[in-house]
Amino acid sequence: MTEYFFISVFAIVALVVVGALLALSTILGPRNPTPQKLIPYECGIIPREEAKGRYPVRFATIAMLFIIFDIEVVFMYPWAVALDQLQLFGLIEMVVFIAILGIAYVYIWGRGGLEWD
Amino acid sequence: MFLYAWLILLLPLLGFIGLSWYGDKIPKKFAGYLGCATVGLSFLVSVAALIDLLALEADKRLGHVATLYQWVSSGTFQLNLSILIDPLSVFMFLIVTGVGFVIHVYSIGYMDEDPEFSRFFSYLNLFIFSMLLLVAAADFFFLIVGWAFVGLASYLLIGFWREKTSAVLAARKAFVMNVIGDVGMVIAAFVIFDAFGSINFVDVFAAAPDKFRANDDTVLLITLLLLVGAFAKSAQIPLHTWLPDAMEGPTPVSALIHAATMVTAGVYLVARCHVLYELAPYTMYFIAATGVITAVFAGSIGMVQYDIKRVIAYSTMSQLGYMFLAMGIGVFSLGMFHLMTHAFFKALLFLAAGSVIHGLNGEQDIRKMGGLKSVMPLTHITFLIGALCLAGFPLTSGFFSKEAIILSSWHAEMGNFVFLGIAVITAGMTAFYIFRVYFYTFIGKQRNTDAHPHESPFIMAAPLLILSFFALVMGFAAPAVDAFLSPVFGREMVHYHDSFLETIAVLAGLGGIVTAGLIYLTSQDKLEFAKQAFAPIYDLVYNKYYVDEIYDFLIVKPVRAIGGFFEEKAEREGIDRAVDEVGAGVRQVSYGISLWQSGKVRSYALNMIVGVVTVLLFVVFF
Amino acid sequence: MSSLINFDDMNWIALAPELIILVTALFILLVGLNKTLNNNRYLSQASLLGIGAALVCSLYLWNMAPTAASGTQPGMFSNALINDRFSQIFNVIFLVMSLFAVFGSVRYPQADNENKAEYFSLVLLTVMGMMFLAKSGNLITAFISLEIFSVSLYILCGFSAKHGTGREIASDKVELSWETLSSQESTVKYLLTGAFASAILVYGMALMYAGTGTTEIRLIGQLLRENPYTSNLLVYIGMGLMFCGLAFKVSLVPFHSWTPDVYQGAPTPITGFMSVATKAAAFAVIARIFFIALPEIQEIWMPFLFGASVLTMLVGNIGAVFQDNVKRMLAYSGIAHAGYLLIGIVANSQEGMASIIFYLAIYLFMNIGAFAVVFIMEGEGQEGNSINRFKGLAKRSPLLAAAMSLFMVSLAGFPPTAGFFGKLYVFVAAIKAGYTLITILAVIASVISVYFYLRVIVMMYFHEEDEEIPFTIHKGMGAIVTVSTVAILAFGLFPSSLMQLALDSIPF
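Here the protein sequences come in this chain order: C, E and W.
For the first sequence, position 7 matches number 6 in numbering that gives the first Met the number 0, and the numbering has no gaps at all.
For the second sequence, position 355 matches number 354 in numbering that gives the first Met the number 0, and the numbering has no gaps at all.
For the third sequence, position 414 matches number 413 in numbering that gives the first Met the number 0, and the numbering has no gaps at all.
Hints in this document: simulated from the structure, not taken from any laboratory.
None of these values were measured; they are calculated from a predicted model.
Note that CB positions come from ideal geometry on N, CA and C, so glycine has one too.
Be aware that a few hints might be false.
Part of the chain E face toward chain W, derived, beta carbon under 10 Å [what the hints assert, rightly or not]: (1) ILE25; (2) PHE29; (3) LEU33; (4) LEU93; (5) VAL417; (6) LEU419; (7) VAL600; (8) ALA604.
Dumping the calculated PhoX-like pairs for lysine-lysine here, alpha-carbon to alpha-carbon at most 25 Å [unchecked claim]: (9) LYS444/E - LYS163/E; (10) LYS51/C - LYS36/C; (11) LYS163/E - LYS390/W; (12) LYS163/E - LYS431/W; (13) LYS34/W - LYS27/E; (14) LYS367/E - LYS444/E.
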């Protein structure tokens with residue numbers, strides 16, 4: 000339990016310090032908010048529209064597809080390291096895994112998920 | 000050996016199925032005959048069962064279980080498709096199928112012009128089947144099934160004229176009240192299963208005396224829960240309000256269900272479970288008290304009603320009160336005997352009243368009747384017989400059964416002065432209100448000259464005659480009934496002889512008749528007559544009229560006030576309101592749940608958080 | 000480090016139904032790319048083929064599965080999965096339910112929906128997830144399979160929305176139909192609350208691991224039995240959180256709020272499918288966890304299961320009283336039935352488990368039948384499922400009305416329908432375990448339910464129709480109604496045989 004003790008001491012100290020600093024600055028600092036002051040600061044230029052712009056939903060589609068395949072590939076690293084112990088069975092398993100991913104890939108391609116227009 | 004007794008149940012069931020599927024396709028007459036035939040055959044089979052039972056020695060007549068097949072078997076829980084044949088169930092078979100058959104025949108005439116003739120008969124057959132299932136049940140399960148089914152059949156029949164809003168409302172009310180009773184029964188069955196490990200009558204009743212001492216908590220709980228069902232079905236206070244409203248149904252239905260058979264189911268239940276009730280004297284006392292209070296309560300309301308069917312309906316409640324009184328003071332076979340005689344004369348009264356209504360084209364208000372004696376002689380004489388029986392006129396069947404109960408209410412072990420007093424007063428009231436109806440309806444002049452009353456056809460008259468015969472003579476069958484039923488209740492009935500009390504009871508009845516006669520015979524008709532014939536001595540007549548005023552002031556006004564008070568305060572505002580409140584409460588909560596269902600995901604998440612926190616609190620702190 | 004993989008208990012044959020369904024699902028996904036084959040007719044036939052094969056396999060495997068008597072080991076794949084009759088009988092339940100969704104494809108997905116194949120594929124993947132869930136012997140497998148079926152269902156709920164392929168431009172204002180809007184609402188609500196519940200569930204599993212040092216369900220039970228130090232606060236909290244997560248799936252109060260909204264908005268075939276299948280799947284895993292892993296600490300979980308059960312029955316039944324939309328009404332009714340089912344868990348006995356299986360099997364037929372009738376009677380728009388559409392049905396289609404009455408009566412639990420015996424067995428199990436109070440409360444709750452079930456019957460038989468409402472009885476739905484009717488009557492007359500089957504199938 001001792002390591003938990005130190006960790007908890009650290010956590011408590013961190014919380015107290017952060018909390019104290021925030022509290023002090025709010026209590027002590029003079030505040031006089033005006034509409035002008037509340038505008039986000041953009042190099043002195045007065046903002047004309049919302050900073051959050053809209054972009055097409057297919058951007059998100061592509062991003063999601065990328066992430067899915069990306070993470071699946073990451074899964075292969077530990078497999079590759081342990082392949083000598085996993086032997087033939089491990090190889091077959093990975094082939095099945097890639098085959099399923101392949102089906103998904105074919106499907107996405109066929110559906111036009113990779114096309115921009 | 001009694002496997003053939005299943006036919007008693009199956010015949011009406013087949014009738015119901017056949018009529019509801021093919022009712023529209025077969026000729027109308029044939030549908031009626033088919034409906035009657037199934038019940039008639041069922042009656043014949045019941046008679047065969049009776050003969051077989053009588054052939055056995057008295058102590059071997061009990062506990063014959065006819066099992067078709069084993070329905071459910073899981074570990075210790077078993078459920079057989081079986082019926083119980085013993086004197087009590089055969090006794091009920093005979094009443095249900097016998098009176099039922101007569102009423103079926105009557106209905107052919109009464110419902111003649113109804114466009115949905117075959118639907119009516121299919122419902123009637125359904126009712127007979129359910130009632131037979133109820134009395135034939137060999138365990139609490141089928142008892143409850145039959146119990147629920149008669150409720151359903153009653154619902155369908157009360158609301159038979161579905162375009163009539165009042166009928167539909169009455170049907171719904173009856174259904175709700177009966178469901179309350181069903182819940183009590185179901186819970187009772189659970190408690191019984193919990194306590195005995197079985198819901199079989201034979202097992203439970205055999206085990207009960209060894210398992211529990213008198214007034215044990217469990218037995219009290221079971222008996223009281225069963226009573227909820229019994230009171231709801233038999234219209235005892237406080238679950239009685241549906242019965243008068245149920246008169247919205249066709250009159251044969253009132254005769255069959257709300258006089259002769261279904262409403263007596265509660266009495267039957269107490270008789271069937273008498274082993275349990277004998278272990279619970281407190282409950283018995285409660286039954287007797289409720290019975291006697293209902294008797295006087297309903298009797299007093301009956302005295303001020305103008306609807307001919309409502310009077311008889313309150314009278315039914317009142318007579319059921321007598322039966323429960325008999326049950327409560329432990330004279331079970333007397334209660335069953337009164338059940339039987341009541342079935343005859345009350346069915347007779349209803350059918351005769353139906354004949355009147357039929358003759359007057361649907362008029363039910365007794366103030367608009369009168370002078371039917373000469374127009375409808377047969378109806379008149381049969382109604383008079385029924386009224387005499389109900390009033391307990393000496394040597395009619397009602398005399399034997401009611402007299403015996405009144406005597407027992409004092410002499411029996413649990414009897415006391417209060418029971419006796421109220422029973423006697425009620426006897427007087429009974430005679431009064433039924434003869435009030437009689438005088439209003441049949442004696443004097445016709446009040447409504449627009450109507451053209453006519454005697455009913457033979458097919459309606461014949462049942463009246465049959466029932467009159469039984470209502471008159473069945474009183475003499477008392478010893479036979481007693482001997483037949485005594486093995487069930489395990490003892491012979493003690494017959495009390497007390498000429499003083501007998502005289503009082505008879506006098507109460509006669510007094511009621513005479514009072515009714517004095518009030519209702521000497522009024523308007525004679526007044527009119529006197530006005531014309533003896534114009535000079537008008538003053539005298541006026542004085543005569545004055546007597547009426549005094550009567551009115553001394554008797555009618557108070558009675559009306561009391562009856563009105565009961566009806567207004569106790570029924571409308573008390574019980575009806577309570578029932579409505581429960582319904583409204585459920586609706587209110589339901590509405591609250593709809594509001595809680597706000598449609599906002601964040602409030603759903605809040606619900607879940609509340610749930611999680613509650614569960615965690617339980618887990619951590621308990 | 001040489002024996003990392005245990006080849007001995009890899010019972011691939013026992014996985015045959017799951018594999019068949021998986022292959023079918025993937026096959027359909029690829030076939031859907033072909034424009035000519037992407038039609039409801041072809042796709043549903045392919046799905047039916049797969050479901051049929053899986054059904055046959057499951058029935059065969061039920062017979063072969065190890066039982067307590069045969070002495071063989073039920074665990075396989077290092078106890079990640081369990082091959083017993085319990086899982087196989089649940090397979091049958093899921094597969095039969097999926098038939099409903101497939102038959103419902105005559106109307107959903109709609110003709111202009113380009114993603115027809117996905118519908119079938121997702122239904123099959125949902126079924127596969129559920130099948131794995133019922134089989135799972137390890138909390139991790141349980142969680143993964145639960146997520147597989149949940150995620151698939153989230154998408155399916157939104158399926159009556161017309162699916163674009165991303166071609167419309169953001170500024171296009173398309174007037175959306177009521178179906179589309181409510182379906183989208185349904186899917187979003189289900190996703191958000193579902194994700195929340197999954198988080199709670201997985202946290203509970205983690206704490207369970209922290210408390211016992213294992214995620215294997217049987218091992219947890221063994222540890223709790225043998226090692227008193229195992230029953231510590233972490234286990235209790237983990238158990239509580241797991242219960243909350245699973246309670247969401249079976250919609251116990253207060254985790255039920257999503258149910259009416261989601262059921263109403265989702266396409267009817269999916270509503271019908273998920274109403275029974277989700278419940279069955281979650282109850283399978285609840286039964287495994289509480290009956291196999293946690294029976295020793297019964298006194299800890301009994302109070303809140305008891306409370307949840309009572310609350311659920313009451314809220315479900317009372318909430319349904321006011322509903323004019325039949326789908327919403329059935330949603331509340333489903334909540335109430337979850338409460339009844341939970342009584343079987345509370346009983347914590349072999350009989351209780353068997354009664355749950357029995358009840359689910361019965362509930363399947365009642366509910367699938369009722370939803371089939373709802374599907375047949377369904378109309379357009381917000382009033383499409385109004386109870387008023389049932390007015391006067393008895394005149395126009397006596398058989399359909401009679402069947403619907405039977406389903407309603409059975410749901411209300413009238414004897415001698417099968418629904419009555421479902422309740423009866425649950426109650427008897429509870430009474431035997433000494434919980435008479437809960438059965439009494441259950442009876443009171445079911446009396447309330449009589450009101451709204453009978454209301455449908457009253458509408459059909461005692462009201463005249465306002466206007467002529469056309470409807471067609473599709474072949475598949477007709478078959479479902481017929482089969483359900485026969486099943487309810489048959490199980491009502493001969494419940495013992497089904498109960499014997501259920502008793503043979505309790506988990507071990």
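Can you list which hints this structure breaks, lowest number first?
When the structure is compared with the hints, numbers 1, 2, 3, 4, 5, 6, 9, 12, 13 turn out to be violated.
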